[in-house]
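*Asks:* Take a look at the letters that make up each chain.
Protein chains: 2
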Amino acid sequence: MSEPLVIIGNYISPYVRKVLVCLELKGIDYRIDPIAPFVGDEEFSRLSPLRRVPVLRDGDFVLNDSTVICEYLQDRFPQPSLYPADPVMRAKARWLEEYADSYLGDVIIWRMFFQQGVRRFLFNEGSNDEVVRKAREEELPVALDYLESLVPVEGWLFGDLSIADISIASFFRNAAFVRYQIDDARWPKTAAFVSRVLQLAAFQKLAEYENRTIRTPLAQQREVLADMGAPLTETSCGNAAPRYGVMRLG
Amino acid sequence: MSEPLVIIGNYISPYVRKVLVCLELKGIDYRIDPIAPFVGDEEFSRLSPLRRVPVLRDGDFVLNDSTVICEYLQDRFPQPSLYPADPVMRAKARWLEEYADSYLGDVIIWRMFFQQGVRRFLFNEGSNDEVVRKAREEELPVALDYLESLVPVEGWLFGDLSIADISIASFFRNAAFVRYQIDDARWPKTAAFVSRVLQLAAFQKLAEYENRTIRTPLAQQREVLADMGAPLTETSCGNAAPRYGVMRLG
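Chains A and B are the protein sequences, given in the same order. Numbers 1 to 250, taken from my numbering, label the letters of the first sequence in order. Numbers 1 to 250, taken from my numbering, label the letters of the second sequence in order.
Keep in mind the hints are simulated off the structure, nothing from the lab. Using N, Cα and C, we set each Cβ at its ideal position, and we do this for glycine too. Please note that a few of the clues may not be correct.
[To be verified] Not everything, but these chain B residues come out facing chain A in the computed CB check (under 8 Å):
| hint | residue |
| --- | --- |
| 1 | Pro87 |
| 2 | Met89 |
| 3 | Glu210 |
[Unchecked claim] Stretches of chain A that chain B covers, calculated by requiring three or more beta carbons in the stretch to come under 8 Å of a beta carbon on chain B:
| hint | stretch |
| --- | --- |
| 4 | 96 to 105 |
| 5 | 120 to 134 |
Isolated chain A (complex conformation) (with noise of 0.2 Å):
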C-alpha cells in the first residue's frame, strides 16, 4: 500500500473512534477529514448515500459503515487480529459490537449526547428533558446490568482485546463527554472495564484531538487540529458554516 488511507468523519462520533482505534492498532497509517456529518457537501453525499460517518476510502474504493469497515481492515490487514478466532466467539463479539452500535448508540448518542451536547450548544436549541431523564435512569442501566453480567474483572471480553471492547468503551466515551459517569458501586465490573479500554494508547491519542474538538467551533477545528498535528487529509468534503456554536461539555 502506498497511499494512506483516508477517513471521513469527526473525532467525536462513536462510530468513527472504533474505526480509527482499529486503524491505531493495526499500525495502519491514514489521513482524517474530520467532518460533521451535517456539514458534508455534495461529494460527501455521493460517498455517503445514508449521509453517515465514518466514510473509508482506500485508493478508488470507498466504503461506508463503520461495522463493514472494521471487518475490512481486519480483512486486509489481519495482524494483530481483533476479531477473536474461534467461531463461537467471534460471533459473540460481532454481537456486542452490534448492541453497542445499535442500543448505546441509541441511548447515549440520539437520547443522552445529542440532547445534551449537540441540540443544546452547537445547534441552540433546547434539550428534551424528560428523554434525557429516562435515558440515564432507565435505558442505559438496563445496558450496564446486561454488560456487568458479560465483562471480565480483569482483561478483555474474549482473551485478546477486540472489536467488543473496542465497541463499548467507544460510546461511553461519548456518554462522559456529557458529565455521564458508571456508578462503579453499582456496576463495579463494566466501570473499571470501561476505563481499562480507555486507558489503551490508542484510545488516549485519540482523546487529545477529542478534548480539543469538542471545545472548538466546527469552523476552526480543522485549524486547531493541523496545530496540534493530527493527520488531516489535504481537502475536505465538509461545509463549517460559522453559525454552529462550540460543544461545551454538558
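With the hints as your guide, set chain B onto chain A.
*Replies:* For chain B alone, coordinates are given in the frame of chain A:
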C-alpha cells in the same frame, strides 16, 4: 453436529428470511419457532435482549442479530460460501447487506409493511397515509435509483450468489406483501434482479410458508404450519393472543 439449529422468528420477517435462506442454501438442518417478537414470553426476553427476531440457538449457544447470525453460519459452515473471497468484494457485499437492513428496513418494513399490514390488519389500528405515501413515492425510489446503478443485468452482484443478493431480495419480498411492485420501466435491472433472486428454490420454498402465515391468525399459525410440514420446534417461547387479527395483503 447432532442437534438441529433452532431459529426463533416468524416467516414474515425479512431478517428471519435472510437467515433461513442462508440455512437452506448451506443445507443445514434446522427447526423454527415462528413467533412474532411482540408475543414473545419471558424466555424470549432472556434469549433476545432487544426482543428482536431472529434468534439462533446452536445447542447451548444463543446468538442475536441477523447479520451476526449469517456471519456465524458462514464461519461454522463455510460451504457454499455466501461471502465473496476478495476483501473489497466482501466489504461491498457487507455494505449492501447493511444498506438493506437499515435503509430498506426503515422504508419497507417500518413505513410500508408495518403501517399497511401490521398496524392496519393485525393491530386493527389506522395507518399513517402520509408516511406510507412518502415511503412509496419518495424514499423507496431513492433506494431503487441507487440499486439500479449497482445490480447486474444477469446473475448476481459479486459473481457467485452472496449475502448482498439475499438481503436485498428479502426486503422486497415484504414490499410485495403490501402490493408494492418495482416499476420495471423505471428500474428494469433492479426489477429483474429482485425477481431472479426470489425465484431461487430456497426463497420459493419459504414463500409457501410465508403465504400461509400471512393469511392465518397468529394464534393458529403453528398449527397451520405444522400441517404443511414446516420444520417446527417442539416448544415455543411465544404467546399468541387470539385478539390479533389476520394479516391481509394490503
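*Asks:* Taking beta carbons only, do three or more residues of the stretch 96 to 105 of chain A come closer than 8 Å to chain B?
*Replies:* Per the Cβ count (4), the hint holds.
*Asks:* Take the shortest C-beta to C-beta distance between Glu210 of chain B and chain A; is it under 8 Å?
*Replies:* violated (26 Å)
*Asks:* Can you take a look at whether the stretch 120 to 134 of chain A is actually covered by chain B? Rule is 3+ residues, C-beta closer than 8 Å.
*Replies:* Result for this restraint: violated, n = 0.
*Asks:* With chain A as the partner, please determine if Met89 of chain B meets the hint condition of a C-beta pair closer than 8 Å.
*Replies:* Nearest chain A Cβ about 10 Å off; hint violated.
*Asks:* Against chain A, is Pro87 of chain B within 8 Å by beta-carbon distance?
*Replies:* holds (4 Å)
When the structure is compared with the earlier hints, violations turn up for hints 2, 3 and 5 and for no others.
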